[in-house]
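K.L.:
Residue-level listing of the chains:
Number of protein chains: 4
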Amino acid sequence: MVPGGEHVLPHVGRLLILLPGLGAVTTTFLAGVEAIRRKLAYPFGSLSQLGEIEGEGRAIAEALPLAPLEDLVFAAWDIFPEDAYEAARQAGVLTEADLAAVADFLRTIHPMPAVFDPQYVRRLHGPHVKHAPTKRHLAEALCRDIEQALATTGATRAVMVWCASTEVHVDPAPCHSSLKAFEAALEANDPAITPSQIYAYAALRMGVPYANGAPNLSADIPALEELADMVGVPVAGKDFKTGQTFLKTVIAPALRRRLLGVQGWFSVNILGNRDGWVLEDEGSFRAKEATKRGVLEDLLPADRYPRLYGDLYHKVRIHYYPPRGDAKESWDTIDIVGWMGYPMHIKVNFQCRDSILAAPIVLDVALFLDLAHRAGWSGVQSWLGFYFKSPHVRRGEPVEHDLFVQYEQLQRALRLLAHLPLASPLEGYSER
Amino acid sequence: MVPGGEHVLPHVGRLLILLPGLGAVTTTFLAGVEAIRRKLAYPFGSLSQLGEIEGEGRAIAEALPLAPLEDLVFAAWDIFPEDAYEAARQAGVLTEADLAAVADFLRTIHPMPAVFDPQYVRRLHGPHVKHAPTKRHLAEALCRDIEQALATTGATRAVMVWCASTEVHVDPAPCHSSLKAFEAALEANDPAITPSQIYAYAALRMGVPYANGAPNLSADIPALEELADMVGVPVAGKDFKTGQTFLKTVIAPALRRRLLGVQGWFSVNILGNRDGWVLEDEGSFRAKEATKRGVLEDLLPADRYPRLYGDLYHKVRIHYYPPRGDAKESWDTIDIVGWMGYPMHIKVNFQCRDSILAAPIVLDVALFLDLAHRAGWSGVQSWLGFYFKSPHVRRGEPVEHDLFVQYEQLQRALRLLAHLPLASPLEGYSER
Amino acid sequence: MVPGGEHVLPHVGRLLILLPGLGAVTTTFLAGVEAIRRKLAYPFGSLSQLGEIEGEGRAIAEALPLAPLEDLVFAAWDIFPEDAYEAARQAGVLTEADLAAVADFLRTIHPMPAVFDPQYVRRLHGPHVKHAPTKRHLAEALCRDIEQALATTGATRAVMVWCASTEVHVDPAPCHSSLKAFEAALEANDPAITPSQIYAYAALRMGVPYANGAPNLSADIPALEELADMVGVPVAGKDFKTGQTFLKTVIAPALRRRLLGVQGWFSVNILGNRDGWVLEDEGSFRAKEATKRGVLEDLLPADRYPRLYGDLYHKVRIHYYPPRGDAKESWDTIDIVGWMGYPMHIKVNFQCRDSILAAPIVLDVALFLDLAHRAGWSGVQSWLGFYFKSPHVRRGEPVEHDLFVQYEQLQRALRLLAHLPLASPLEGYSER
Amino acid sequence: MVPGGEHVLPHVGRLLILLPGLGAVTTTFLAGVEAIRRKLAYPFGSLSQLGEIEGEGRAIAEALPLAPLEDLVFAAWDIFPEDAYEAARQAGVLTEADLAAVADFLRTIHPMPAVFDPQYVRRLHGPHVKHAPTKRHLAEALCRDIEQALATTGATRAVMVWCASTEVHVDPAPCHSSLKAFEAALEANDPAITPSQIYAYAALRMGVPYANGAPNLSADIPALEELADMVGVPVAGKDFKTGQTFLKTVIAPALRRRLLGVQGWFSVNILGNRDGWVLEDEGSFRAKEATKRGVLEDLLPADRYPRLYGDLYHKVRIHYYPPRGDAKESWDTIDIVGWMGYPMHIKVNFQCRDSILAAPIVLDVALFLDLAHRAGWSGVQSWLGFYFKSPHVRRGEPVEHDLFVQYEQLQRALRLLAHLPLASPLEGYSER
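Chains as they are written, first to last, in our numbering: chain A, 1 to 432; chain B, 1 to 432; chain C, 1 to 432; chain D, 1 to 432.
Keep in mind the hints are simulated off the structure, nothing from the lab.
Remember, it's a predicted structure, so these values are computed and weren't measured experimentally.
Certain hints may be false.
Identical chains share a label here; the pair holds if one copy fits it or two copies do between them.
[Said to hold, decoys possible] Derived DSBU-like pairs (lysine-lysine); straight-line CA-CA distance at most 35 Å:
| no. | residue 1 | residue 2 |
| --- | --- | --- |
| 1 | Lys347 | Lys315 |
| 2 | Lys130 | Lys180 |
| 3 | Lys347 | Lys39 |
My request is simple: use the sequences and hints to build the entire structure.
P.N.:
Structure below.
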């Protein structure tokens with residue numbers, strides 16, 4: 001729900017960004033924020049730092065009281081005890097030289113022991129984990145971690161962004177349907193509750209906004225939505241829209257606007273980082289595949305255009321391919337149909353870097369969630385769908401995958417928060 | 001200028017579509033329209049036939065009094081005397097089987113002798129051309145052709161869509177600056193007046209809307225804009241946005257919305273049809289290159305984002321490659337920059353068909369121009385920019401290249417013509 | 001074993017080509033042979049029809065007494081009863097027009113009921129199959145089929161080429177190790193004996209040379225090699241080298257000759273024909289993957305060049321993608337390493353057609369096997385490795401995958417058969 | 001001419017490698033040799049360091065008395081005075097870290113003033129050039145440079161490898177036809193004599209073997225061949241076969257062996273280094289295009305296979321694209337024809353690095369030329385064609401472009417030099 005014109009509380013003090021997972025994405029995010037603060041890098045890819053309120057000629061960062069980079073502090077959890085510098089080196093995303101320039105800062109970030117269970121991420125095993133009799137105890141331990149991190153860093157408030165591995169696909173279960181059932185299930189160690197849900201629960205309990213960068217359900221269940229509404233805290237998700245899906249939600253809308261038929265869309269992805277390793281597990285892949293596959297059904301609606309999209313065969317495959325490390329690569333082949341039924345083909349090869357594309361999203365989502373929180377917005381923040389493969393929207397609301405419509409929605413929310421008139425750029429069109 | 005809510009005169013009788021050039025695009029358009037009328041084909045790619053007024057759940061063709069396909073009649077000019085069936089076979093776009101099914105119809109279309117001068121299309125030479133002492137005489141001959149075509153076909157009105165070859169690049173000249181100067185130059189055989197301008201002049205003189213599917217200046221000069229305004233006739237252009245540029249105006253806006261840097265964009269195009277042959281000529285290529293190159297400067301504005309787009313190196317090359325015939329192919333390699341300045345690469349290979357993508361645009365532009373005409377809209381129709389590589393806009397108005405904004409503008413104009421409220425889909429957003 | 005200078009019996013009468021499987025490959029092969037006989041097509045891709053004895057300036061077909069196309073007759077088995085014309089239409093490889101030109105011929109070829117068991121090709125089910133109490137009885141039924149086909153067609157001799165689907169991977173079993181054990185197992189209905197082995201057994205029993213175009217073991221077992229040697233009949237296999245692997249055995253040898261390092265090779269294949277559907281089954285894929293993966297280990301030997309190829313990560317994936325039908329497509333991305341350890345990348349996209357590449361191989365292999373048979377060569381014909389992904393070589397002999405070395409071996413064998421001196425083109429080098 | 005079994009003089013003392021051009025290729029070569037000597041790098045891509053005598057299981061470096069890396073010394077000429085370290089940094093091929101590790105060595109190499117004339121390389125201008133009244137005087141100055149470099153470095157002998165920019169295309173002229181005419185033309189400042197020819201002349205005059213890594217004619221003229229024969233010095237060339245052409249001479253032979261038709265081959269190359277800048281000049285491009293285009297005519301012979309290759313349309317384009325620097329990229333699209341005339345397509349994208357691929361070739365060619373010289377081989381060394389786009393062969397000898405045949409020729413020459421029997425691996429075939 002996006003109410004208009006609410007008063008936005010000013011930013012004061014420090015904002016703590018809580019990061020489950022101190023892997024490639026988190027360390028790239030941390031190194032980048034610090035490098036930007038030291039004027040060693042430019043915030044490529046970040047709307048909160050570089051963007052404008054469209055049509056106003058004003059920077060977003062100027063029109064809205066976002067927390068400045070100088071006031072960000074950080075805490076993370078991980079299943080390995082290495083500090084952020086060591087973790088970054090192992091992630092292999094940034095060069096030694098780039099890491100060296102912020103090594104002192106990265107070395108100050110030591111992960112807290114993680115809530116983790118290899119049943120949900122079957123290919124990872126790490127020693128730095130919490131042990132407790134029930135999932136409720138684990139949630140309480142996380143709450144204490146948050147309290148302590150706030151105290152240690154002197155932050156006035158926090159947001160949490162899940163940057164850890166993809167958990168196995170878990171079907172929505174009865175215990176997900178209400179807060180009461182969820183809390184009983186925490187106590188009962190119900191296997192339907194995954195670690196990321198324990199983090200989300202702990203965050204919301206502590207009044208901390210929560211965003212989910214992975215495809216697992218996490219906060220996308222009625223129980224946690226209920227909690228978010230109850231405590232007045234915004235949530236967002238899920239699965240950062242970075243490489244292949246980013247381009248898919250750009251090209252498919254274009255084909256739809258021109259009403260070209262689409263017979264097939266084959267998407268293959270190769271990646272060699274820890275994420276790729278985890279996704280070789282069939283369970284984790286199912287979760288990922290669901291978010292990657294879902295986009296075309298909405299963007300190319302077979303019900304409205306059965307002759308154009310009724311036979312669309314969409315296949316997504318992800319393969320672990322270590323030679324590349326974090327520099328993943330996708331190849332899409334798209335079979336389209338034009339005038340008189342003639343076939344044509346588009347092939348897209350995206351040689352990208354997972355964490356390089358995700359890091360600025362972590363920043364934007366954290367800052368926008370904090371802003372929404374200060375504006376009194378709570379519950380699911382559909383307007384942040386721009387950043388996610390599988391936008392978490394309010395129950396019953398249609399999911400929007402079109403990157404350009406998502407951008408309009410984001411801009412509109414920012415205008416509301418900035419007390420600017422909602423007129424879209426088209427409004428003035430007839431006066432020309 | 002798009003005034004709102006004007007009364008739209010109803011469609012009555014027949015609409016004549018006048019087509020300078022009876023080559024690959026025109027014959028593919030003609031064969032397709034007839035195949036659709038005979039229920040042998042489906043109008044893939046045509047918004048006028050398949051599209052909806054967004055958010056209304058109503059077909060465009062139902063909401064607006066477009067001329068139905070059954071009431072379209074045709075006339076063409078070409079430098080070769082062969083009928084449309086022979087011309088289609090030589091174009092090599094459609095299969096023999098597809099042509100056979102509409103051969104009787106195509107054989108009825110015999111081109112009128114063309115106004116042509118090899119000085120402007122240096123690689124083509126044909127026998128079926130008009131000869132006259134001055135360009136004014138040529139214009140008058142075209143006017144008589146139009147009169148006669150209206151009489152012969154029994155049409156009540158007409159639109160003209162330039163589907164002939166790209167003329168050499170001609171710089172705007174003094175004689176282009178006013179109608180008076182233009183008409184004097186016609187009389188004086190001024191070389192700055194190209195054949196396509198003689199066609200545009202004749203059309204407008206006859207009260208016939210004119211659209212330009214090629215990159216030559218044609219009606220995009222003050223003289224002809226003045227005439228269009230004076231006679232109350234709409235014009236549109238220029239250069240159909242079909243293959244590589246279509247995708248470019250989709251991907252570049254997406255990169256800009258995510259504020260990723262772009263260092264380089266290399267675009268190569270190979271095509272083997274008559275268009276490719278003409279574009280091997282340096283003069284014609286210059287005209288084409290200008291429309292193909294121009295798009296990125298607006299979509300990736302270096303002035304607003306010097307760090308992101310200030311060093312963008314954009315190169316476009318077109319090469320004649322006969323083995324493909326009409327099935328042209330483009331390859332783009334895009335060098336982008338993300339978080340911490342790390343490079344990434346997108347490569348797009350579009351194996352498309354020139355005429356297959358252009359044909360439904362001919363149809364849409366013809367029907368929409370006729371509709372605008374009946375609504376009393378005159379002069380430059382910026383809202384048809386969705387269909388063009390280098391949108392012809394009113395003097396002083398900014399050019400919009402973003403396919404998604406262009407689509408919004410088109411939708412908005414259609415809403416105006418259909419007397420629907422202008423609220424964009426976002427309007428209702430805050431009420432959710 | 002390739003003995004030199006043996007007397008080659010002349011071709012007389014007709015040669016019967018026996019084809020298990022009347023699907024895409026077989027019907028494309030049949031239609032093509034007939035089209036060539038009728039002067040409607042040119043034998044693209046066939047060495048037996050177009051090739052030369054290298055360095056001699058003489059056509060292979062002139063230097064050697066190959067059976068001419070006019071004297072070929074055909075018989076096939078399939079699990080569906082449709083004739084070759086219907087089967088070809090369903091295969092969807094050739095156009096209606098191309099099929100129409102040879103429809104009368106194709107309609108004369110009616111498949112015999114197949115030996116088939118869905119346990120070995122789990123995704124196919126057809127009604128046109130033989131039933132018998134034991135596998136021995138099935139073999140005898142095939143022998144009778146062969147006898148009858150010879151009689152019906154009036155052929156003097158035959159060769160058999162397996163063109164049916166890939167069977168599931170079956171590990172070599174004890175009953176494969178000797179002819180005696182194999183025959184006992186036929187009697188005992190041992191599940192380790194697959195249908196293709198029953199065909200191979202029947203062929204050899206009847207003195208008919210056998211080649212295997214699929215990756216299943218088939219004749220590549222000691223039992224059948226023993227039989228081939230015993231009856232003096234040549235065999236060849238296995239798995240036609242057509243698209244992706246064809247190029248792989250071309251590019252890898254080039255990288256090895258330049259001693260560039262190779263860190264990774266990722267190969268993905270999409271295809272939508274019946275073959276693709278069968279290969280979605282994990283069992284059949286395992287058989288295929290084995291033949292596709294094996295090539296690099298030999299071509300890029302890690303033992304000899306541990307620094308260059310010791311870390312090579314090779315992954316092959318095949319995905320069923322129906323929009324393409326028979327027009328399969330592969331994408332390879334190859335990560336190579338040059339001077340100073342710098343990485344470089346080769347990406348190959350092969351848009352090919354399975355049956356179009358396989359059909360001339362069926363022809364060449366059939367004609368060369370028949371020739372070898374007439375020369376008295378028997379047992380495994382390693383020199384035909386040029387045509388196969390996983391060359392069947394004599395036990396103990398090294399497998400050669402390098403296309404260029406394979407070609408030299410083929411040429412050398414042809415020279416032997418043609419009684420030409422064996423000097424390679426290099427021999428004369430020092431005399432220059 | 002490759003005489004067999006000559007006595008090869010042993011390597012003693014130091015070998016001086018003389019390098020016209022201290023740009024990307026030369027500095028990458030120098031840095032790599034030193035890094036290998038310091039055990040910091042592995043000689044990827046170098047046959048002389050890693051290769052084997054095929055079939056013998058012996059390293060080339062062990063079977064033949066090549067000059068070891070430790071005994072190599074260097075001298076270079078360039079139009080800029082910067083030392084090799086500065087030049088390497090500007091070339092931008094190697095990382096700062098890799099250069100730092102050998103910076104002390106690179107800083108010792110100061111180029112001598114170059115013989116240069118912007119008339120032949122129109123896009124370059126540098127201050128560090130020789131001035132003299134005639135081209136004869138320039139040649140003599142180079143001879144004195146060589147003498148002095150030998151003295152300074154204490155080398156016993158030298159080889160020269162042209163690694164400078166591509167000169168404009170110059171047609172063979174009368175003064176190229178004999179040594180006498182050439183020397184008269186040097187005196188007369190004939191414009192048909194290019195700087196690279198002055199270098200080649202000087203080298204040969206001094207008894208120094210000469211190789212040409214660029215496409216300019218250089219030593220590929222009767223005059224200099226006459227000189228090479230007269231003084232008993234080997235020469236080789238021309239134009240290092242590195243990226244696109246390397247793969248072309250691999251794929252085309254494979255298509256030919258399978259007798260697939262080829263209708264079109266479109267090759268585009270983008271590169272952003274100094275070489276790319278020079279090749280934007282039409283004159284230099286013509287020289288390059290000639291060597292790049294020539295390969296297919298021989299590999300796909302239209303005279304022998306008019307139906308397969310008679311219509312082959314081959315187009316090569318090179319475009320300057322600065323964002324990539326030295327990391328050039330090629331894209332080939334190949335239109336092939338199979339059984340029944342059906343079209344198929346291969347697309348190859350090679351993301352390579354010019355200097356990384358060229359550097360080991362500089363090393364191999366230098367060492368092999370020195371070896372040949374010590375074996376008493378003189379004149380054109382056709383057997384080094386493996387390394388060149390446009391192999392310089394003896395007048396009248398056919399040019400071989402097939403990489404695999406070239407490799408056999410190289411191996412055969414090495415066997416001759418190593419006193420090994422010439423039997424090719426196939427010789428033993430019939431004994432199997």
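K.L.:
Now, for every hint given, state plainly whether the structure supports it.
P.N.:
Each hint, compared with the structure:
1. Lys347 with Lys315: both (14 Å within a copy, 20 Å between copies)
2. Lys130 with Lys180: Cα proximity of Lys130 and Lys180: one copy only (24 Å, versus 63 Å across).
3. Lys347 with Lys39: Between copies, since 32 Å is at most 35 Å while 38 Å is not.
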